[in-house]
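Residue strings, one per chain:
There are 2 protein chains.
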Amino acid sequence: MARKVVVIGGGAAGMTAASTARGHGAGEITLITEDEHVAYSPCAIPFVVEGRIKDFQDIVMHTPEFYRRERGIDVLVKTSVDKVDEEARKVMTKDGRSFEYDALVIATGGTVFIPPVEGRELKGVFPVRGISDGQAIMERLPMVHQAVVAGAGVIGLEMAVALRARGKEVTVVEMFDQVVPRILDRDMAQLVQAHCEALGIRFILGAPLSCIEGEGSVTGVTAGRHQVPCQMVIMATGVRANLRIPEQMGLEIGPLGGVRVSPSLQPYRKGRLVPDVYLAGDVVMCQSAVLAGPTMSQLGSTAVRQGRVAGIRAAGGSATFPGTASPWISVIGDMHVGGTGMSRSLAEYYGVKVAEATGVGSSRARYYPGGKDITVKLLADAGSGRLIGGQIVGGEDVAGRVNWITAAILEGVTAGAFVERFEGSYCPPTSMVVDTVCAAAERLEKVLRAQGKSV
Amino acid sequence: MARKVVVIGGGAAGMTAASTARGHGAGEITLITEDEHVAYSPCAIPFVVEGRIKDFQDIVMHTPEFYRRERGIDVLVKTSVDKVDEEARKVMTKDGRSFEYDALVIATGGTVFIPPVEGRELKGVFPVRGISDGQAIMERLPMVHQAVVAGAGVIGLEMAVALRARGKEVTVVEMFDQVVPRILDRDMAQLVQAHCEALGIRFILGAPLSCIEGEGSVTGVTAGRHQVPCQMVIMATGVRANLRIPEQMGLEIGPLGGVRVSPSLQPYRKGRLVPDVYLAGDVVMCQSAVLAGPTMSQLGSTAVRQGRVAGIRAAGGSATFPGTASPWISVIGDMHVGGTGMSRSLAEYYGVKVAEATGVGSSRARYYPGGKDITVKLLADAGSGRLIGGQIVGGEDVAGRVNWITAAILEGVTAGAFVERFEGSYCPPTSMVVDTVCAAAERLEKVLRAQGKSV
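Residue numbers (our numbering), protein chains in the order written: chain W, 166 to 620; chain U, 166 to 620.
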């Protein structure tokens with residue numbers, strides 16, 4: 166019998182799970198989402214605000230009608246789930262409907278964490294998560310001369326660049342003392358910060374947002390000892406998993422704040438695997454594919470990979486999610502910034518001693534016009550010599566290199582083996598004869614050798 | 166005692182061997198080359214002819230003086246080796262000098278194979294190999310209205326585009342019935358041919374060049390039943406290893422026409438490893454890293470990788486060359502074309518049954534302005550499901566994807582494992598949320614599954 170599938174959540178994880186279940190022989194599929202829109206990429210919102218993409222409608226790939234008509238998936242928008250009755254195998258919505266399931270996919274995603282500071286409810290304070298957030302930001306823009314972005318992660322910096330491109334005075338405030346903390350090392354972060362500063366963006370680092378001032382509307386913020394006047398505050402302060410439903414169901418929450426899952430993406434309750442329930446996306450705490458330990462990936466690409474596995478499983482098929490190295494990329498002004506695996510600080514969180522090296526080169530042969538500088542940092546476990554991380558800042562062609570390094574990390578390749586065996590394609594308009602990734606690996610091999618470690 | 170090293174050949178392999186030997190503690194290093202220039206990339210020549218790079222001087226990275234002064238390498242240009250006296254461990258030059266060695270690196274490269282057709286010695290007939298060839302072509306250009314390129318490999322097509330950009334009527338004649346034979350499959354080759362035709366380049370396929378006409382200077386060619394008037398013929402008819410020295414020394418030549426080498430890049434004589442002699446670059450027949458069997462890589466990037474190993478060995482160190490998947494890339498007009506591992510025809514030469522699938526996508530999110538079409542073809546060994554090849558045609562960001570696929574091939578990853586484990590970074594300006602490489606892998610997994618094969 167084809168299985169009835171209910172999916173809670175209409176982001177990348179939920180939509181992928183539903184579409185995949187359809188492709189793997191599921192029966193009735195119902196997808197329930199609180200959002201008005203489905204099938205769009207939150208990652209695109211800063212680029213709409215910046216004006217690189219014309220309209221929010223452009224980033225919506227498909228309508229709910231499309232899914233109904235083309236894929237036989239019943240998509241309920243603006244609909245909240247009240248609770249899940251596992252005994253009866255039913256999902257109840259707040260508007261009083263109920264939907265039976267044979268398999269349930271929970272892809273409730275995450276919500277921007279707004280720190281509990283005074284003034285957070287003032288007009289002009291926005292998270293960046295859904296299209297409606299983006300639309301509200303655009304509507305307010307004409308009233309804004311100065312903007313503050315709270316949080317110097319990639320979304321924060323992309324929004325800072327977008328608002329700067331709209332002619333605003335932009336200040337980024339960040340609790341940590343560097344931009345893109347946790348996933349970029351300080352040396353690489355400094356390149357990114359300098360690029361943003363050259364665009365006229367101001368930074369206040371090591372200073373948590375402590376107060377938002379204003380009456381009705383925001384007029385300024387306090388961060389550390391700094392006061393910054395502003396008419397808009399963008400909250401890019403990180404994403405927390407939406408745990409209401411999982412907690413109601415008594416599912417185990419992991420130490421990093423997501424639902425702990427098996428390789429089949431099933432949750433646990435009181436130490437036992439829960440049957441016929443699968444999780445995917447930002448709500449999940451899964452395995453790192455780099456080192457033995459948990460991770461919160463919270464990337465659209467990971468949501469899709471997990472949605473695929475959850476969808477196959479929900480339909481009764483077989484697939485496993487083997488963990489993630491969480492390769493990421495961001496475009497900040499003209500700069501492409503990406504990384505994969507562990508940064509130094511993350512590795513140290515895992516208790517791992519790191520060896521590192523950096524290569525500097527060009528995206529093309531040195532003499533070929535239009536080449537852009539590229540800086541590649543590689544990190545290895547100092548004990549085994551295995552590659553565990555990479556970070557790249559450059560003007561073009563960063564994404565492919567991030568994926569390339571990710572492949573090496575996933576395969577457990579050492580710096581020495583990378584030098585010996587990994588090959589790069591070469592043509593003057595696309596690469597140097599020794600790619601900067603390979604140059605960084607050669608340096609890293611020397612560092613490891615100098616330390617007398619295996620390479 | 167630091168070892169005296171003599172390197173024969175000043176291309177990518179020879180120069181890398183010499184520089185690497187210097188970095189690994191070699192003593193005196195002498196490099197002997199017939200060329201006037203060293204340290205330039207022959208791959209750049211079409212782009213100088215096209216005008217993308219201003220001058221041939223731009224592509225010369227370093228002078229012989231640089232190597233003498235900065236690296237303590239004695240570079241003798243315009244110097245021919247007469248013979249190697251292995252007993253006395255001496256290299257004798259035709260101008261009567263001799264150079265002692267403890268280790269000898271042979272990196273004599275290759276020469277364009279000019280088919281033995283009538284008229285090959287006429288004025289206006291050029292190979293494309295060294296800077297002097299490029300300069301001679303440029304000098305003749307003002308006299309040329311129509312040009313014929315013999316050979317539709319990547320160098321031939323790059324030259325055809327270059328001559329077209331200079332306003333010439335260009336006809337490409339090719340013995341095989343497709344462009345980029347052997348390394349591109351027919352379906353992918355057709356995309357490349359169509360792109361060239363849109364630029365106004367004419368093709369005569371399945372028609373070997375049989376005669377070059379003219380008195381003194383070329384006035385036309387015959388290819389198959391076609392006669393094409395022209396004032397210039399570019400010979401892009403493949404490269405043959407320069408075997409004079411290896412043959413004099415009695416080294417074993419492999420079935421593909423290069424010197425057979427061990428993983429240490431040493432040659433064999435009468436079945437025995439020859440001590441203290443190392444080979445690198447286009448003269449070498451080495452192992453394929455994809456399938457058990459020999460290959461002629463003849464890529465600048467492979468020359469550098471082999472030069473590194475030969476240099477370390479020559480200096481007395483330890484390194485091995487583990488084979489090559491020969492990832493390559495070419496820029497033909499606005500099209501980036503690349504590949505890695507086996508094409509279908511090469512795999513069939515190895516006796517391997519192939520499963521294949523193709524994905525079509527964009528270099529950016531569909532809605533993000535400026536995205537370019539990208540087509541990715543993946544090939545697997547139909548028996549094991551292992552990836553053995555990839556081919557990509559696109560408008561940008563092809564090189565990184567070629568390297569990414571190469572990593573999977575080198576690691577012996579199956580299509581199924583690629584889908585399960587390999588991850589791509591995502592950001593709307595740089596990628597689709599499911600990269601086209603991953604989409605192709607998913608299709609390939611389905612093809613294999615439908616055939617009831619392991620995936």
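The set of hints was computed from the structure by calculation and includes no laboratory data.
Note that the structure is predicted; figures quoted are calculated from it, not measured.
Keep in mind that the hints are not guaranteed to be accurate.
Any copy, or any two copies together, can satisfy a pair, since identical chains are not distinguished.
Straight-line Cα separation of at most 25 Å, SDA-like style, residue types lysine to any residue; simulated pairs [what the hints assert, rightly or not]: (1) K333 x S510; (2) K259 x P307; (3) K288 x S263; (4) K248 x Q300; (5) K435 x R254; (6) K537 x H310; (7) K333 x V309.
Hints and how they fare:
Taking the shortest alpha-carbon separations for K333 and S510, neither the intra-copy value of 33 Å nor the inter-copy value of 58 Å comes in at or below 25 Å. For the homomeric pair K259 and P307, neither the shortest alpha-carbon distance inside one copy (37 Å) nor that between copies (79 Å) is at most 25 Å. Taking the closest pair of Cα atoms, K288 and S263 never come within 25 Å of each other, the shortest separation being 36 Å inside a single copy and 85 Å across copies. Taking identical chains as interchangeable, the C-alpha atoms of K248 and Q300 are never at most 25 Å apart, the minima being 30 Å within one chain and 77 Å between chains.
With identical chains, the CA atoms of K435 and R254 are at most 25 Å apart within one copy only, with a shortest distance of 19 Å there and 76 Å across copies. For the identical chains of this complex, K537 and H310 are neighbours neither inside a copy (33 Å) nor across copies (36 Å), given an alpha-carbon limit of 25 Å. In this assembly of identical chains, K333 and V309 lie within 25 Å of each other by CA distance solely inside one copy; the values are 7 Å within and 56 Å between copies.
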